[in-house]
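Residue numbers (my numbering), protein chains in the order written: chain Y, 1 to 218; chain G, 219 to 436; chain E, 437 to 667; chain L, 668 to 898.
Worth double-checking, as some hints may not be accurate.
[Said to hold, decoys possible] Listed below are the simulated DSS-like cross-link pairs for lysine-lysine, each with C-alpha atoms no more than 27 Å apart in a straight line:
1) E:K503 with Y:K165
2) L:K806 with G:K334
3) L:K798 with G:K334
4) E:K507 with G:K383
5) E:K507 with Y:K116
6) L:K825 with E:K594
7) Y:K168 with E:K575
8) Y:K4 with E:K503
9) Y:K123 with E:K508
10) G:K386 with L:K825
11) Y:K123 with E:K503
[What the hints assert, rightly or not] Far from chain L, some chain Y residues (derived; all Cβ distances over 10 Å):
12) E14
13) L30
14) V35
15) I49
16) G78
17) A79
18) I96
19) K168
20) P181
21) D182
22) G210
Bear in mind the hints are in silico, worked out from the structure with no lab data behind them. Where is the CB? At the ideal position from N, CA and C, for every residue including glycine.
Residue-level listing of the chains:
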Amino acid sequence: MLDKIGIAKRIAQELQDGWYVNLGIGIPTLIANYVPDNVNVEFQSENGILGMGPFPFEGEEDADLINAGKQTITAMPGACIFDSATSFAMIRGQHIQLTVLGAMEVADNGDIANWKIPGRMVKGMGGAMDLVASAENIIVAMMHTNKRGKSKLLRQCTLPLTGVKCVKRIVTNMAVLDVTPDGFKLIERAPGVSIEDIQAATEGRLIVEGDVPEMVLA
Amino acid sequence: MLDKIGIAKRIAQELQDGWYVNLGIGIPTLIANYVPDNVNVEFQSENGILGMGPFPFEGEEDADLINAGKQTITAMPGACIFDSATSFAMIRGQHIQLTVLGAMEVADNGDIANWKIPGRMVKGMGGAMDLVASAENIIVAMMHTNKRGKSKLLRQCTLPLTGVKCVKRIVTNMAVLDVTPDGFKLIERAPGVSIEDIQAATEGRLIVEGDVPEMVLA
Amino acid sequence: MNKVVANAAAAIEGIESGMTLMLGGFGLCGIPENCIAALVELGVTNMTCISNNAGVDDFGLGLLLQKRQIKKMISSYVGENDEFERQMLSGELEVDLIPQGSLAERCRAGGAGIPAFFTPAGYGTEVGHGKEVRYFNGKPHILEHALTADFAIVKAWKGDTNGNLIYKGTARNFNPMMAMAGKITIAEVEELVQPGELDPNYIHTPGVFIQRIFQGEKYEKRIEQRTVRTK
Amino acid sequence: MNKVVANAAAAIEGIESGMTLMLGGFGLCGIPENCIAALVELGVTNMTCISNNAGVDDFGLGLLLQKRQIKKMISSYVGENDEFERQMLSGELEVDLIPQGSLAERCRAGGAGIPAFFTPAGYGTEVGHGKEVRYFNGKPHILEHALTADFAIVKAWKGDTNGNLIYKGTARNFNPMMAMAGKITIAEVEELVQPGELDPNYIHTPGVFIQRIFQGEKYEKRIEQRTVRTK
Numbered sequence: 001m002l003d004k005i006g007i008a009k010r011i012a013q014e015l016q017d018g019w020y021v022n023l024g025i026g027i028p029t030l031i032a033n034y035v036p037d038n039v040n041v042e043f044q045s046e047n048g049i050l051g052m053g054p055f056p057f058e059g060e061e062d063a064d065l066i067n068a069g070k071q072t073i074t075a076m077p078g079a080c081i082f083d084s085a086t087s088f089a090m091i092r093g094q095h096i097q098l099t100v101l102g103a104m105e106v107a108d109n110g111d112i113a114n115w116k117i118p119g120r121m122v123k124g125m126g127g128a129m130d131l132v133a134s135a136e137n138i139i140v141a142m143m144h145t146n147k148r149g150k151s152k153l154l155r156q157c158t159l160p161l162t163g164v165k166c167v168k169r170i171v172t173n174m175a176v177l178d179v180t181p182d183g184f185k186l187i188e189r190a191p192g193v194s195i196e197d198i199q200a201a202t203e204g205r206l207i208v209e210g211d212v213p214e215m216v217l218a
Numbered sequence: 219m220l221d222k223i224g225i226a227k228r229i230a231q232e233l234q235d236g237w238y239v240n241l242g243i244g245i246p247t248l249i250a251n252y253v254p255d256n257v258n259v260e261f262q263s264e265n266g267i268l269g270m271g272p273f274p275f276e277g278e279e280d281a282d283l284i285n286a287g288k289q290t291i292t293a294m295p296g297a298c299i300f301d302s303a304t305s306f307a308m309i310r311g312q313h314i315q316l317t318v319l320g321a322m323e324v325a326d327n328g329d330i331a332n333w334k335i336p337g338r339m340v341k342g343m344g345g346a347m348d349l350v351a352s353a354e355n356i357i358v359a360m361m362h363t364n365k366r367g368k369s370k371l372l373r374q375c376t377l378p379l380t381g382v383k384c385v386k387r388i389v390t391n392m393a394v395l396d397v398t399p400d401g402f403k404l405i406e407r408a409p410g411v412s413i414e415d416i417q418a419a420t421e422g423r424l425i426v427e428g429d430v431p432e433m434v435l436a
Numbered sequence: 437m438n439k440v441v442a443n444a445a446a447a448i449e450g451i452e453s454g455m456t457l458m459l460g461g462f463g464l465c466g467i468p469e470n471c472i473a474a475l476v477e478l479g480v481t482n483m484t485c486i487s488n489n490a491g492v493d494d495f496g497l498g499l500l501l502q503k504r505q506i507k508k509m510i511s512s513y514v515g516e517n518d519e520f521e522r523q524m525l526s527g528e529l530e531v532d533l534i535p536q537g538s539l540a541e542r543c544r545a546g547g548a549g550i551p552a553f554f555t556p557a558g559y560g561t562e563v564g565h566g567k568e569v570r571y572f573n574g575k576p577h578i579l580e581h582a583l584t585a586d587f588a589i590v591k592a593w594k595g596d597t598n599g600n601l602i603y604k605g606t607a608r609n610f611n612p613m614m615a616m617a618g619k620i621t622i623a624e625v626e627e628l629v630q631p632g633e634l635d636p637n638y639i640h641t642p643g644v645f646i647q648r649i650f651q652g653e654k655y656e657k658r659i660e661q662r663t664v665r666t667k
Numbered sequence: 668m669n670k671v672v673a674n675a676a677a678a679i680e681g682i683e684s685g686m687t688l689m690l691g692g693f694g695l696c697g698i699p700e701n702c703i704a705a706l707v708e709l710g711v712t713n714m715t716c717i718s719n720n721a722g723v724d725d726f727g728l729g730l731l732l733q734k735r736q737i738k739k740m741i742s743s744y745v746g747e748n749d750e751f752e753r754q755m756l757s758g759e760l761e762v763d764l765i766p767q768g769s770l771a772e773r774c775r776a777g778g779a780g781i782p783a784f785f786t787p788a789g790y791g792t793e794v795g796h797g798k799e800v801r802y803f804n805g806k807p808h809i810l811e812h813a814l815t816a817d818f819a820i821v822k823a824w825k826g827d828t829n830g831n832l833i834y835k836g837t838a839r840n841f842n843p844m845m846a847m848a849g850k851i852t853i854a855e856v857e858e859l860v861q862p863g864e865l866d867p868n869y870i871h872t873p874g875v876f877i878q879r880i881f882q883g884e885k886y887e888k889r890i891e892q893r894t895v896r897t898k
C-alpha cells in the first residue's frame, strides 16, 4: 500500500522529457519533488506561471508569487508569468502535455467528479473543468477508497461530474489502472497489495489480464 | 472647396478631450496634425500602438515602429504597444471613441464600401471591417466625387460593402453631412460651395433644412 | 482628460447597490484592497460580484460577505471561505460557479466585443446544462457568453496617469481581462507614475481600458498559504 | 528537451509542399526574414500562407509569390504588392481576405482551443456570406472559426532557449497569436539568450508555445514607408 508520497513518486515516473505539466492541489503538488534526474519538465500553475520552482526559503516569500493552491513559490530561471486568459489558452489549446489532479470519484468510462457534494460541500471547480475537458493526458491521483472505506473507482459517478470520459490513468495507494472501453484495466499493484485486494476495493468494472506486476519505486 | 488638409482640419474639430481615436490611411492620417490646443486625444494604430506621436526626425526612423499605413512613427510618453488581438479587442469592444476612414462610396443609409473593385482592384479590407462594425462614432473623410466626377454619396453602394448602416458623419471637400433615417442631412457647406453645388454632386437623398452654415476653419 | 482620482473613496463614486462588479485577484493575490475597504465603508448592498474567489473570512471579498453586501457571487473556486459556504448552503447567497478558464475567457470576451464563444469546458456537467452544444472536430463544446460589469476594479503594481498598468508576478491573474470588461474600470496601483516612466513595450494593460486610477496605500498583501523550505 | 536549432534551414525541417503556414508580421515589420529565405531555398510549393500581408514584390512573402510557391493566401490587406494583385486577378492565386481583427482573433482562438466565436465584423458583406448570423443585444454577428497551421513561423526581438519571446515595438503585431496556433511553432530571434536572462514578468510569448528557436542573421528590416519630419 502506498502513502501519498508513494503515489506522487509513481506518477513522477510518467513524466517525459520536455513536457509541460499541470499539477492539481493535494497529492499532485508533491510530484514536483520526485522528477527523475534525466527528465526536464516545466510546471504550469493555472493562476499564471510556467516554470514554477520550489517553495521559497523562509523570509523570502513573495505575496505576489503563488501557485494555484495559493502557496508561496519561486520561479525557475526561464520562467514566465501570464494572465488567466493566456493560462487557460495553454490548457484549452492543448499545449500542456499532462494534467494530474485529485478526484472524489472516477467512473470506469473515464468520468470524473471532484468539485461538489450537493447540499454539503461546494468548493467550486476552479480550473479542473477546463483541464479535464482539454488535456490529452489526464492522470488522477487519489486514494483507492474514501474515508468510509467505500470505493472511489465506480461503475458510474454519483456526484456531479467535473468532466466526461476524460481520465486516462489512475494512480491510487493500491494500483495503477488505465481507463479502457471495457472498464478499469489493472496495470500495476502497489507493493504488498494483491489482485484480490484491488478487486474488493474497486466497484467499477475491473479488467485483470495475465500477470500484473508490482510497482517499482525508486 | 476644401483640399485634403481642409478636410482633415474640419474633422479635427470633432475631436473631444480624452478620446481614443483610430485614423485610417490617407486623409484621416493628416488629422493628427490639427488637433485643437485644448484637446488631448490618443491615437490608436490597429497594428498595435496607442499614443502614436509625430513622424521621427530623419535618421531616427525605427523599422520596428510603424503605423497601420506602414509609415515610420514615434511613440509619445505614456504610449503602449500591444499585439493585434488586443488591438482589435479595443476596437471591437468599443473602447475607441472615434474612427475616421476613407471610402470609395457611402450610401444614404450609412453603408460604406472601401475595399474592393471587383475584377480590377482588391487591396483587402485590412482593419476597416472590424472598425466600422464596432465603432459607435464613424466619420468618413473623402472627396465628394470620384476622379470621373461621379458622386460618391449614393442612394445605394455599387461596390462590395465594408459595413452596413454604420457611417454617422461624412466630411468631404464640399460639405459636412450626417446620415439620418431619411438620407444625408447637410450640416455645413465648404467655403464657397453652394447648396446647389452639393445637390448636384450628391446622388443619394439629400436633406437641406433652413440655413446651412459655411464651415469655419481655424 | 484626467483619470487620476485622490483615493479609493473617490474612485468608487457612482457604485450603487444592486450593481455588478468585477474584482481582480486570485485568492488574496492581486486583489484591490483599497477599493474593497472603501466598498465596505460605502455600505452598498445587493451587489453581484464577479471574482475568481471570494476571499477568506476576514479579508478580501470576505469583508463584503460578512456585512451581507453581496447578493450573488460569480466565481470558480470558493474553498477558502467558511462564511461563504455557510451563506451559500443556507441559500442566503446566490452563487454561479464557472470553470476558471471560462470565467477568464468570458471576461476577456466581454472586453473584446466577442459576445459568445464555444469551449469544451463543462460539457456533460452541471455547467453545461441548458447551454447550446456543438461539435467541432468530433468533440462537444458548449456556447458561453461574454461577461461585463458596471464597474471593474483591478489592482496593479505600477500605473501611469494614462492608465497604463504593469502587474507583478502572479498578482496579474484576472486583472487584465477584468480591466477590459468594465463599463467603468478603476485601477488601484502601488505606485502611480507619470507618462513616459513605463516602457511602452512592457505594458500589461493599455490605458485605454482604464477610466480611473489612484495610488493605494497600506497594502497588506496577506499570504494565504505561507509555504517555505529550510536552507 | 532542446528547442534550439542551428539556423533557418534546420528550423523549417519537415515543412512540405501543400502545407499550411502562418507567418507573423505586419507589412514588412516583424516578419521572419530568415525562414522566408530558407523557404525560397527549400522550394516547397502549393503552400497556403496565413499572414496579414503578402510582403512587397521583392521582399517578405513577395519572394515566395515570385517563385509561385504559394497556392493560397489568407490575409487582410495586400495592397502593397503588384505581383500579388496580378496573380490574384488572373486566378493563379487563391485568396481569402479576412478582416484584420477577425484574422487576429481566429489565430488566437486556434491557439487557445476556442473552435469558434461570434464577431460583428463582416456582417452584411462578402465576408459574412454563408456564415451563421446571430443577434446579441440587438446587433448582428457572424460565427467565425479558429485558424491553425501545420507550422507557425514568428519573429521576435529576444528569446531564451526555453522559447520565451519578447518582441520590440510594433514588430509584435500578429506574432504572439500565430505563435499559439502552430502545430509546430518556429521562432527566429535577433538575440538568443539563456534561461533567466529575460524577466519572467515581461515575456510576451510564453515558451510553451514554441517548439524550435534560433538566432537569425543579417536582418534587413526593410522600411516600407519611410516618413520623417525635419528638425
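Status of each hint after checking the structure:
{"no.": "1", "hint": "E:K503 with Y:K165", "in the structure": "violated (42 Å)"}
{"no.": "2", "hint": "L:K806 with G:K334", "in the structure": "holds (25 Å)"}
{"no.": "3", "hint": "L:K798 with G:K334", "in the structure": "holds (20 Å)"}
{"no.": "4", "hint": "E:K507 with G:K383", "in the structure": "violated (40 Å)"}
{"no.": "5", "hint": "E:K507 with Y:K116", "in the structure": "holds (21 Å)"}
{"no.": "6", "hint": "L:K825 with E:K594", "in the structure": "holds (24 Å)"}
{"no.": "7", "hint": "Y:K168 with E:K575", "in the structure": "holds (17 Å)"}
{"no.": "8", "hint": "Y:K4 with E:K503", "in the structure": "violated (40 Å)"}
{"no.": "9", "hint": "Y:K123 with E:K508", "in the structure": "holds (16 Å)"}
{"no.": "10", "hint": "G:K386 with L:K825", "in the structure": "violated (44 Å)"}
{"no.": "11", "hint": "Y:K123 with E:K503", "in the structure": "holds (21 Å)"}
{"no.": "12", "hint": "E14", "in the structure": "holds (16 Å)"}
{"no.": "13", "hint": "L30", "in the structure": "holds (23 Å)"}
{"no.": "14", "hint": "V35", "in the structure": "holds (13 Å)"}
{"no.": "15", "hint": "I49", "in the structure": "violated (8 Å)"}
{"no.": "16", "hint": "G78", "in the structure": "violated (3 Å)"}
{"no.": "17", "hint": "A79", "in the structure": "violated (4 Å)"}
{"no.": "18", "hint": "I96", "in the structure": "violated (7 Å)"}
{"no.": "19", "hint": "K168", "in the structure": "holds (18 Å)"}
{"no.": "20", "hint": "P181", "in the structure": "holds (25 Å)"}
{"no.": "21", "hint": "D182", "in the structure": "holds (30 Å)"}
{"no.": "22", "hint": "G210", "in the structure": "holds (34 Å)"}
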